[in-house]
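**Q** Okay, here's what each chain looks like letter by letter:
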Amino acid sequence: SQQGEEDPQALSIQEGENATMNCSYKTSINNLQWYRQNSGRGLVHLILIRSNEREKHSGRLRVTLDTSKKSSSLLITASRAADTASYFCATDPSGNTPLVFGKGTRLSVIA
Amino acid sequence: DVKVTQSSRYLVKRTGEKVFLECVQDMDHENMFWYRQDPGLGLRLIYFSYDVKMKEKGDIPEGYSVSREKKERFSLILESASTNQTSMYLCASSLSLPSTEAFFGQGTRLTVV
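Chains U and C are the protein sequences, given in the same order. The first sequence begins at -15 in the numbering used here and counts up one residue at a time. The second sequence begins at 304 in the numbering used here and counts up one residue at a time.
Think of the hints as simulated: they come from the structure by calculation, not from any bench. Cβ atoms here follow ideal geometry from the backbone N, Cα and C, with glycine treated the same way. Take these hints with a grain of salt, some might be off.
Claimed, not checked - Some chain C residues close to chain U (C-beta under 10 Å, calculated; not the full set):
no.: 1; residue: L344
no.: 2; residue: P364
no.: 3; residue: Y367
no.: 4; residue: L393
Model the full structure from these sequences, guided by the hints.
**A** Below, the structure written as structure tokens:
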């Protein structure tokens, strides 16, 4: 069952611009995570935000969480060509269940 | 660093073959997962295991089985491969449920001809 839905499906920006991706989900969660996937590779964890947190930063990444709207956003500031990848949100529905992933946003950063 | 290793990056098998995909993690994680990834469908959970010899069905278990005889190894078995099982298969592990950070292998791109 797909819990998270990322928006947009694809995003193309110039190097140096900011990239914002959104994720909406359906049920209550323990936490929400963002992952990155380079073409044809496995996923790499970027950041985890717990349900009682509203904002979290890690380097050029900023994640927000609005549990009342069941949504999250990932902001990548000052993007680089190396940020080109697919980005997935993953939710952890309450209870002992595995992560449920969205379909991802394909980000292209043009040098 | 946690390492999750999948036995093959690319695999080509014939329809009807029994296929084994192996996954090994080196961080003593309790939980291991198998996902498949298809264009436009994202990652879908096939099976997961929260302990040795324990397994739980995910969203799309049909046509698959799993084995976890040792804590570090989780195998996905395609009993009789079919062309609709051509996909990218991703193994992951995590320390605990509710889920902490998941660590993924590099993926196995399986083609069934």
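**Q** It remains to establish, for every hint, whether it holds in the given structure.
**A** Structure-based check of each hint:
1. Interface restraint check: L344(C) against chain U, minimum CB-CB distance 7 Å, threshold 10 Å, status holds.
2. Interface restraint check for P364(C): the shortest CB-CB distance to chain U comes to about 13 Å, outside 10 Å, so the restraint is violated.
3. Interface hint status for Y367(C): violated, as the beta-carbon distance to the closest one in chain U is roughly 15 Å, over 10 Å.
4. For the restraint placing L393(C) at the interface with chain U, the shortest Cβ-Cβ distance is roughly 6 Å, inside the 10 Å limit, so the hint holds.
The structure fails to meet hints 2 and 3 from the earlier list, while all remaining hints are met.
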